[in-house]
Every structure is written in structure tokens, then in C-alpha cells.
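Let the hints inform the model, and build the full structure from the sequences given.
Heads up: the protein sequence lines correspond to chains A and B, in order. Under this note's numbering, the first sequence has 31 at position 7, and the numbering climbs by one with no breaks. Under this note's numbering, the second sequence has 681 at position 63, and the numbering climbs by one with no breaks.
None of these hints come from the bench; they were simulated from the model. One or more hints might be untrue.
[Said to hold, decoys possible] The following label-pair restraints were derived from C-beta to C-beta distances: (1) N643(B) - G66(A): 18 to 26 Å; (2) S659(B) - L119(A): 21 to 29 Å; (3) E46(A) - R729(B): 36 to 44 Å; (4) S106(A) - F657(B): 24 to 32 Å; (5) G64(A) - F681(B): 26 to 34 Å; (6) D83(A) - Q660(B): 30 to 38 Å; (7) N643(B) - K42(A): 22 to 30 Å; (8) P63(A) - N675(B): 16 to 24 Å; (9) K77(A) - N637(B): 40 to 48 Å.
Keep in mind the model is a prediction, meaning the values are calculated, not measured. Idealized CB from N, CA, C, for every residue including glycine.
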Amino acid sequence: DVKVTQSSRYLVKRTGEKVFLECVQDMDHENMFWYRQDPGLGLRLIYFSYDVKMKEKGDIPEGYSVSREKKERFSLILESASTNQTSMYLCASSLGRTGSVYEQYFGPGTRLTVT
Amino acid sequence: LAKTTQPISMDSYEGQEVNITCSHNNIATNDYITWYQQFPSQGPRFIIQGYKTKVTNEVASLFIPADRKSSTLSLPRVSLSDTAVYYCLVGPGYSSASKIIFGSGTRLSIRP
Chain A
25 DVKVTQSSRY LVKRTGEKVF LECVQDMDHE NMFWYRQDPG LGLRLIYFSY DVKMKEKGDI
85 PEGYSVSREK KERFSLILES ASTNQTSMYL CASSLGRTGS VYEQYFGPGT RLTVT
Chain B
619 LAKTTQPISM DSYEGQEVNI TCSHNNIATN DYITWYQQFP SQGPRFIIQG YKTKVTNEVA
679 SLFIPADRKS STLSLPRVSL SDTAVYYCLV GPGYSSASKI IFGSGTRLSI RP
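Next comes the structure, spelled out in C-alpha cells:
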């Protein structure tokens, strides 16, 4: 079974702090994703990475950056956390190209609260 | 990417077959159709994916008509544990993965 793990289940940070959310997958997947999920807005893609050190912006990249130094690990960075970044953050991975990129495996999520 | 439209919510009873339809009028030739299930406080779970006609796995069936402008996820003999939100995604795969849109999904409620 594919396993995607996220570093924290719950996180509380203060406004202005730098926040790191870590995601690790154990299936040698090329693609990794970061989403946020908010009530009434569904899942929105923040960033996508298709290879080590490669990334593409998703729908809502503002206020976020990412890092992928190793194939199995994809980090989401909030440079200066703000209250409007309070959300559920979900990491996902998928195998490769064409249709399989949409067969994504998700982690359990990190519920981040910024106060 | 093709925009998708799904019902906001649906209700059914245990033991019934449930069909959730997704409209995607602007689907492109090389688009795939993918369905996910999400329980509260969990990440979405991949259910099924198809390109045309019918696909079946141990969990569900996916029906895609010839014009591919819609698709129907069929859940046979649902149980209370099928209560979840179901998302339909349409997209061409690798080159546009950064444009993936989940939408708001369909909230399915199963009653005893």
C-alpha cells in the first residue's frame, strides 16, 4: 500500500512565524502535491512537483513556497503565516505520467491554526 | 481544463444502488475522468478512473457515454460507511497537473 505521511496532524502557529509542513511518500512516486481544504471551497492546489527540484504553481500559490530536495519528500513553507492560512493542508503523491497523475494518494492532513 | 458540475448532495438508503453524475461538457480528447471519496477529517481516496465506456473495480463502476460529456459513478448496494463526499475530476494528465481542480463534490448521505 502507498503510504503518505505528514509531519503533524495538528499545528498552532502565531502570525508572522515561518511554518514548515513536511510530507513523505514511500512508493517512489514522481509527482507530489500540496492542497489546502476549506469549508465550502473544496480542495485547492497550492503547488505541484513532478521531479526533484521541479515545481509548478497551482491555483493558490501566493504566500507559500515549496521544496523538494529528495524524491520522497515535499515540503510546504509558509514564509510568514497569516490568519487566512488557517486551513487543512493535504499532501498527495502519484506515480507518473498521463492519466496516472490523477491517481493520487493522500496523507491524513495537517490542520493548521494561525493565531 | 474541463469544468465539472456535480449535484451538491444526494440521499439514499442502505442496500440501494447510487449513481452520481458529473457533467463535463468541455472535456478534451485526451482528458481522463477520475473519482475520489473523502470522509470527514481524512484525505481523499482514489476510487476509479476511466477514459471511455465502462470501468469496474471492486468498489465502483464508472460509466462514460460515447460523447464523454458526462460520467456516472455507480456504487452498488451502499452501506452507511459510504456516507462521504465524492469528487469528479477531469484533466489531460501530466502536462496540466498543476491545474487540477477538485471542485465542491457531492455529499452523499446513506440512511438505515
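Each hint tested on the structure:
{"no.": "1", "hint": "N643(B) - G66(A): 18 to 26 Å", "verdict": "holds, 20 Å"}
{"no.": "2", "hint": "S659(B) - L119(A): 21 to 29 Å", "verdict": "holds, 26 Å"}
{"no.": "3", "hint": "E46(A) - R729(B): 36 to 44 Å", "verdict": "holds, 40 Å"}
{"no.": "4", "hint": "S106(A) - F657(B): 24 to 32 Å", "verdict": "holds, 29 Å"}
{"no.": "5", "hint": "G64(A) - F681(B): 26 to 34 Å", "verdict": "holds, 29 Å"}
{"no.": "6", "hint": "D83(A) - Q660(B): 30 to 38 Å", "verdict": "violated, 22 Å"}
{"no.": "7", "hint": "N643(B) - K42(A): 22 to 30 Å", "verdict": "violated, 44 Å"}
{"no.": "8", "hint": "P63(A) - N675(B): 16 to 24 Å", "verdict": "violated, 30 Å"}
{"no.": "9", "hint": "K77(A) - N637(B): 40 to 48 Å", "verdict": "holds, 44 Å"}
The structure shown violates the earlier hints numbered 6, 7 and 8.
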